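Chemist: If you want the building blocks of each chain, they are given just below.
Protein chains: 2
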Amino acid sequence: MTTAVTWIAADWGTSHLRVWLMDGAGGVIERRASADGMGTLAQDGFEPALLKLVGDVLPEGQSTPVMICGMAGSRQGWAEAPYATVPCTPPAAAQARLVGTSDPRLRVRILPGVKQEHPADVMRGEETQIAGFLSLNPGYDGIICLPGTHSKWAHISAGEIVSFRTFMTGELFALLSGQSVLRHSVAASGWDEGAFAEAVDTVMSRPERLAADLFGLRAGALLHDLDGATARARLSGMLIGAELAAAKPYWLGQQVALLGATSVAAPYRAALMAQSVPVTLADAERMTLEGLKAAQATKDTK
Amino acid sequence: MTTAVTWIAADWGTSHLRVWLMDGAGGVIERRASADGMGTLAQDGFEPALLKLVGDVLPEGQSTPVMICGMAGSRQGWAEAPYATVPCTPPAAAQARLVGTSDPRLRVRILPGVKQEHPADVMRGEETQIAGFLSLNPGYDGIICLPGTHSKWAHISAGEIVSFRTFMTGELFALLSGQSVLRHSVAASGWDEGAFAEAVDTVMSRPERLAADLFGLRAGALLHDLDGATARARLSGMLIGAELAAAKPYWLGQQVALLGATSVAAPYRAALMAQSVPVTLADAERMTLEGLKAAQATKDTK
Numbered sequence: 009m010t011t012a013v014t015w016i017a018a019d020w021g022t023s024h025l026r027v028w029l030m031d032g033a034g035g036v037i038e039r040r041a042s043a044d045g046m047g048t049l050a051q052d053g054f055e056p057a058l059l060k061l062v063g064d065v066l067p068e069g070q071s072t073p074v075m076i077c078g079m080a081g082s083r084q085g086w087a088e089a090p091y092a093t094v095p096c097t098p099p100a101a102a103q104a105r106l107v108g109t110s111d112p113r114l115r116v117r118i119l120p121g122v123k124q125e126h127p128a129d130v131m132r133g134e135e136t137q138i139a140g141f142l143s144l145n146p147g148y149d150g151i152i153c154l155p156g157t158h159s160k161w162a163h164i165s166a167g168e169i170v171s172f173r174t175f176m177t178g179e180l181f182a183l184l185s186g187q188s189v190l191r192h193s194v195a196a197s198g199w200d201e202g203a204f205a206e207a208v209d210t211v212m213s214r215p216e217r218l219a220a221d222l223f224g225l226r227a228g229a230l231l232h233d234l235d236g237a238t239a240r241a242r243l244s245g246m247l248i249g250a251e252l253a254a255a256k257p258y259w260l261g262q263q264v265a266l267l268g269a270t271s272v273a274a275p276y277r278a279a280l281m282a283q284s285v286p287v288t289l290a291d292a293e294r295m296t297l298e299g300l301k302a303a304q305a306t307k308d309t310k
Numbered sequence: 009m010t011t012a013v014t015w016i017a018a019d020w021g022t023s024h025l026r027v028w029l030m031d032g033a034g035g036v037i038e039r040r041a042s043a044d045g046m047g048t049l050a051q052d053g054f055e056p057a058l059l060k061l062v063g064d065v066l067p068e069g070q071s072t073p074v075m076i077c078g079m080a081g082s083r084q085g086w087a088e089a090p091y092a093t094v095p096c097t098p099p100a101a102a103q104a105r106l107v108g109t110s111d112p113r114l115r116v117r118i119l120p121g122v123k124q125e126h127p128a129d130v131m132r133g134e135e136t137q138i139a140g141f142l143s144l145n146p147g148y149d150g151i152i153c154l155p156g157t158h159s160k161w162a163h164i165s166a167g168e169i170v171s172f173r174t175f176m177t178g179e180l181f182a183l184l185s186g187q188s189v190l191r192h193s194v195a196a197s198g199w200d201e202g203a204f205a206e207a208v209d210t211v212m213s214r215p216e217r218l219a220a221d222l223f224g225l226r227a228g229a230l231l232h233d234l235d236g237a238t239a240r241a242r243l244s245g246m247l248i249g250a251e252l253a254a255a256k257p258y259w260l261g262q263q264v265a266l267l268g269a270t271s272v273a274a275p276y277r278a279a280l281m282a283q284s285v286p287v288t289l290a291d292a293e294r295m296t297l298e299g300l301k302a303a304q305a306t307k308d309t310k
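The listed protein sequences correspond, in order, to chains S and Y.
Sequential numbering from 9 applies to the first sequence in the numbering used here.
Sequential numbering from 9 applies to the second sequence in the numbering used here.
Same shape as in the complex, but just chain S:
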């Protein structure tokens, strides 16, 4: 490695640790990752896990800043970084929790998540993706949707997160398609655009039907040879449709920025466009890095 590492950006989630070794000009020298997620570590396991991944690039005789977002800041993580409360700007360096380390080559800070008192809701990590999107799109006013295991919908105005809601859509899809009786009928891959669109439409216009229609995927396979890929698209459509029905106060009459990997964001995009909602796509991992860069660039008052 010829360029010196000036600081390190880190996205530390429940199941992963991703770091970017950064130069002094905002450029990425190298991206690294490990499976040492928050969920696998005791409190005293975080520093060793970080050193395992980046110890070889830390200059001696100085402390290299590490800016972390995500679940490492939860109560069960490395050190709790208490939530900021909406309405608020995405947390920056001044709100970050400074974490003591044994190794003097590290200067670790963890960004807080964001909470909402009523209705009760929390995020950790997504606020940094939002910060990244806003740093690339200053003045953005509208909705940011972050689809995933626990999808988030956030209302953004004047640079602040005004309100947000979480939906368990990705986790429900994984449980139903992988562990419920539907696993016999839902394929692990494959897609059917028409079945997806129809399912979204049905549950959005009649959300009370969801509970009745789920088992229909199993019965349809038993009685009418319903194809596994079609069942997969239909299940996804039911769950995303239920999410869109509940999130309607967010997207109705608004523009929506979708922050996610293409495979996750594509069905949301299709469903929103069918509702004539203007949609912008942005890559979630890039937004995370941009958010960490934005936080690192703010004045640290500590």
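Calculated from the structure, these hints are not laboratory results.
Please note: incorrect hints may appear among the correct ones.
Chain copies aren't distinguished; within one or between two, either way the pair holds.
List time: in silico EDC-like cross-link candidates among lysine to aspartate or glutamate, alpha-carbon distance up to 20 Å [as the list claims (entries may be wrong)]:
| no. | residue 1 | residue 2 |
| --- | --- | --- |
| 1 | Lys301 | Asp233 |
| 2 | Lys123 | Asp235 |
| 3 | Lys123 | Glu88 |
| 4 | Lys60 | Asp221 |
| 5 | Lys123 | Asp221 |
| 6 | Lys60 | Asp291 |
| 7 | Lys123 | Asp233 |
| 8 | Lys60 | Asp44 |
| 9 | Lys60 | Asp111 |
| 10 | Lys301 | Asp291 |
| 11 | Lys301 | Glu201 |
| 12 | Lys60 | Glu88 |
| 13 | Lys256 | Asp233 |
| 14 | Lys301 | Asp209 |
| 15 | Lys123 | Asp31 |
| 16 | Lys123 | Asp111 |
| 17 | Lys256 | Glu68 |
Just so we're clear, the structure is a prediction, and the values are computed from it rather than from any experiment.
Using the hints provided, position chain Y relative to the given structure of chain S.
Modeler: Chain Y only, in chain S's frame:
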């Protein structure tokens, strides 16, 4: 054992095998059970599993009738007993599938399940509970609800199952409370009547909110110390409320007979009574036995 076993009633589900050793007057000599459910057996494992449980009581030199209901009659079971199609009376001996056995002391018949073409739906076992309820309540006209892992709602008229729908409520509750992120916030036991009733009411009046409210159980625990027993009752209320919202065409303006164990049926009873629906409770296991007795009593034309 002093009384001779005249025939054997059997409820063979996915996870259990229950048998009743019957005398000639419709009385139960003994109830036995094993964990040799359909889900654990290959096709050639059913006869040995049955012999293990009842082989000691089978008289020599004659064949003892065994009347079976449940998943043993599915395609992955002992022998497929093809579905009857609604509208139909619950299947009786004449529709049962006669299954060949190696042991001449057995004369095994499996009752068919019931299917509905549109909307696609199936049941195996519940039709026998319905038959049991109808044999004790001849002329019953109204709705039978069988709450459980896969709850069924059936419209009964003139002794026939006219139509029915299945809801994955019990399975959803188990997955969400035991395996999703909500497992950290939902207690394994405990109850809160008020929280249950409020959750049922909320989702029934605004079913589109379900997807948004689920994660609120987790956030409520993190931010407002939401009690685990309250969260459990609220989750149950959300899911049963979603089921009632979808099943409204069944229960609205009808009388409902609830067939289930008390612990499972009690919340349904509370939720239905809050809607001013007249509810009768009946024990599911007893209904199964009565249904098998009713089937055994019919003329077997084979």
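Chemist: Now, for every hint given, state plainly whether the structure supports it.
Modeler: Checked hints:
When the C-alpha separation of Lys301 and Asp233 is checked against a cutoff of 20 Å, the pair qualifies neither within a copy, at 51 Å, nor between copies, at 34 Å. Proximity of Lys123 to Asp235 under the C-alpha cut-off of 20 Å is restricted to the inter-copy arrangement: shortest distance 19 Å between copies versus 42 Å within a copy. In the homo-oligomer, the alpha carbons of Lys123 and Glu88 lie at most 20 Å apart inside one protomer (14 Å), although the nearest pairing across protomers, at 54 Å, exceeds that limit. For the homomeric pair Lys60 and Asp221, neither the shortest alpha-carbon distance inside one copy (48 Å) nor that between copies (40 Å) is at most 20 Å.
For the identical chains of this complex, Lys123 and Asp221 are inter-copy neighbours only, at 15 Å across copies versus 34 Å inside a copy, given an alpha-carbon limit of 20 Å. In this homomeric assembly, Lys60 and Asp291 never come within 20 Å of each other (Cα to Cα): the closest approach is 28 Å inside a single copy and 60 Å across copies. For the homomeric pair Lys123 and Asp233, the shortest alpha-carbon distance between copies (14 Å) is at most 20 Å, but the shortest distance inside one copy (46 Å) is not. In this assembly of identical chains, the alpha carbons of Lys60 and Asp44 lie at most 20 Å apart only when taken from the same copy (10 Å versus 49 Å across copies).
Proximity of Lys60 to Asp111 under the C-alpha cut-off of 20 Å is restricted to the intra-copy arrangement: shortest distance 12 Å within a copy versus 65 Å between copies. For the identical chains of this complex, Lys301 and Asp291 are intra-copy neighbours only, at 15 Å inside a copy versus 63 Å across copies, given an alpha-carbon limit of 20 Å. Taking the shortest alpha-carbon separations for Lys301 and Glu201, neither the intra-copy value of 38 Å nor the inter-copy value of 49 Å comes in at or below 20 Å. With identical chains, the CA atoms of Lys60 and Glu88 are never at most 20 Å apart, being 22 Å at best within one copy and 57 Å at best between copies.
Taking identical chains as interchangeable, the C-alpha atoms of Lys256 and Asp233 are never at most 20 Å apart, the minima being 34 Å within one chain and 29 Å between chains. Taking the closest pair of Cα atoms, Lys301 and Asp209 never come within 20 Å of each other, the shortest separation being 40 Å inside a single copy and 46 Å across copies. Proximity of Lys123 and Asp31 under a CA criterion of 20 Å is satisfied in neither setting, with 32 Å inside one chain copy and 66 Å between copies. Taking the shortest alpha-carbon separations for Lys123 and Asp111, neither the intra-copy value of 32 Å nor the inter-copy value of 67 Å comes in at or below 20 Å.
Within a single copy, Lys256 and Glu68 get their C-alpha atoms no closer than 53 Å, and across copies no closer than 70 Å, so neither meets the 20 Å cut-off.
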